[in-house]
Amino acid sequence: MTRRIPVIEGLFAELAEGPRLLGSRCARCATPYFPKSPVCHNPDCDESKMEDAAFGPNGVLFSYAVQNYPPPPPAKYDEPYQPYAVGMVDLAEGLRVLGRIATSDFSKLHGGLAVELIVDRLYRDTDGNDVVTWQFRPAGGATQPKERRANP
Amino acid sequence: MTEVAVLGVGMHPFGKFEGKSVTDLCRAAVVAALADAGISWREVEAVAAASSRFSGGKGWGLNGNDVVEDMGSTGVPVYNLSAGCSAGGNAFNIGYTLVASGVHEVVLVVGGEKMPKGFIQTSGVEEKTDPEFLRQRCIGVSGPAFWGMLCRRRMEDHGTTEEHLAKIAVKAHANSVHNPYARFRKPFTLEEVLKSPMVCFPLRLYEICPVSDGAAAAVICSAGFARRKTTRPVWVASSTVATARFDDGVTRHVAAVSPKGKTLHSEAKIAVERAFERAGLGPRDVSLVELQDNTVYYELAFPEEWGLCKEGEAERLVEKGETAPTGKLPINPSGGFQSFGEATTAMGVFQVAELTWQLRGDAGGRQVPNARVGLGQTIGLGGNATAVVLKT
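Residue numbers (our numbering), protein chains in the order written: chain R, 1 to 152; chain B, 1 to 392.
Please note that the accuracy of each hint is not assured.
Here are the simulated DMTMM-like cross-link-like pairs (lysine to aspartate or glutamate), alpha carbons at most 25 Å apart as the crow flies [what the hints assert, rightly or not]:
| id | chain 1 | residue 1 | chain 2 | residue 2 |
| --- | --- | --- | --- | --- |
| 1 | R | Lys-108 | B | Glu-162 |
| 2 | B | Lys-262 | R | Glu-93 |
| 3 | B | Lys-260 | R | Asp-90 |
| 4 | B | Lys-320 | B | Asp-285 |
FYI, nobody ran anything at the bench for these hints, they're computed from the structure.
Chain R with its partners taken away, still in its complex shape:
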C-alpha cells in the first residue's frame, strides 16, 4: 500500500479542518514566519514573543513561472519529467509563500488568482511511497486529474 511521507517533517500538517503550514508568529508585532522562527526578524520590533501558528488555506497568487527544464539537485521529481508551475502566494495571514501550483493548465494562472493550500505528491520514492509537500491549487475548482476522477 502506498504511504504518504512528508518531504520534510514538521513543516505542514493535514488537520481535520484541512492542510496547514506550521510556522510561528510574533505576538508583539504580528509578523508571521514559515518555517517556525526562534526569534522575530522584524527590525522595528523590540521584543520577540514567538508563538506557534498554523497558516492557510486561503491565498492569492502574486506571480508564477513554469519550471520547463528539470531543476538541479537536491530537487526531486517523478520520471519522466513533467514541467510544473511554481508561484509566490500571499496568504491571508500576511505571509508570502513559495510553492508548486498544482495545475496542468498554466494558461489559467495569473496574478490575483485565488488559490488554496493542499498537500500533494512531490515524487514517488524507490520504496513506492508518495513523498508529499505543500502546494497550492486554484481555489473553488479541482484541477488535478485524479480529483476530477474522484468527482466526475
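Position chain B relative to chain R; hints supplied.
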C-alpha cells in the same frame, strides 16, 4: 577622506577554459591591470579579493592569498570578501575604503572564478535549517524560475511582451560583438532569441545568463598617487554595500512577509541610492549603467526601481533602442552577463573594468559617446548588493 582613482584595469576573457586554473585567470587579469596602471607588483600595498565558492581559495575562500602567492609573497595584507555573486563589488568597496581612509595608497582588487557547468546548485548541505535546501527539495525552484516569477508579474502589470524581453537580449549581443573579452560575440536576431528553448516560462535560454570562467582586476589608488602616474585618471565618486530590507516581498527563503509596497530587490535599490547620495550625483547625471543582468528582466525593473526612468517607461526605452550605447540610457554596453556569462564573484570587478574603459573613451565599437559618469551594480545570495559610481 581622500579622493580615490581607478589607475588600471585588466580582464581575462570570459568562457570555458578546461586547461586553466582560477589562478591562471586571475594572473592574466592582475598582470594586465598592473601594466595598465603603469606600476609593478611590489607597489601594491594591499589586496582585496572576492572569495570564490567554486574554485581556488584552498577551500576557505582565500582567493586573495592565492593571487599573492602566485604574484610573489610580499607580506601585504589580504582581505577575502564573501558575498555570493556580489563578492567582487564587496572587494572593490573594501579596497576603496582602505584608500579613501588613507590606510593605503595603492590597493589591488581582484575577482576570478571557474564555474561548474549547468544551473548553480545549492551548497550540497541537506539540512532542514538550510533555506536553499528547503526551496529546492520541497518545491524545486531554480534560479531562472525565481526570475521568471518576477518577470511574469511585470508582464501582467506593464504589458511587457515576449518581444520586449527578446529585444534586450538582441541589444546585449549586438554590444558583445565589439567586446574582445565577451564569451558570446555573435549577433542574435529577434527570431533566434524567440525560438530559443523555454527554460522557465516566461524566460528563454537566450534571455538568462549562463555561467562562465573569467577574472577581472583593478588597481585603485589615492589622488596624489594617481596624479604622479597619469594625466587622465578615472575617479571613484562613491562605492557602497547594502543588504536587503526584511519586508521587500522578495522570497529569499521559502517564505517572506507579504510586502506593504512594491515587490523589489531592496538591497540593490539601497546600494544604488546611497551611491548617488554619496557621489552628490543623481540618475540624470548617469551616462551609462552596468547592471547585473542575470536575466533580461532586470534591465526593465532595475532602472525604474532606481529612478533612472519612470515606472512603466522601461519597455518604451527598449522599443526605441534608448538602452543601446548611443541611446538616452545606455545599459550594459559591455554586452552584460548575457554575453559574458556569470563568473559569479568576478562580476563586480568586471563592471569596474568596463566603466573605466568607457569613461576613458577606450571602448571601441561599443563606446558610449561623451561618457562622464558610470554606475555599476551587483546583487548576491544572502540579500547582498553593491553599487559604484565612477566619473571622469
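Okay, the hints, checked on the actual structure:
no.	hint	verdict
1	R:Lys-108 / B:Glu-162	holds, 18 Å
2	B:Lys-262 / R:Glu-93	holds, 18 Å
3	B:Lys-260 / R:Asp-90	holds, 11 Å
4	B:Lys-320 / B:Asp-285	holds, 21 Å
Taken one by one, the earlier hints all hold for this structure without exception.
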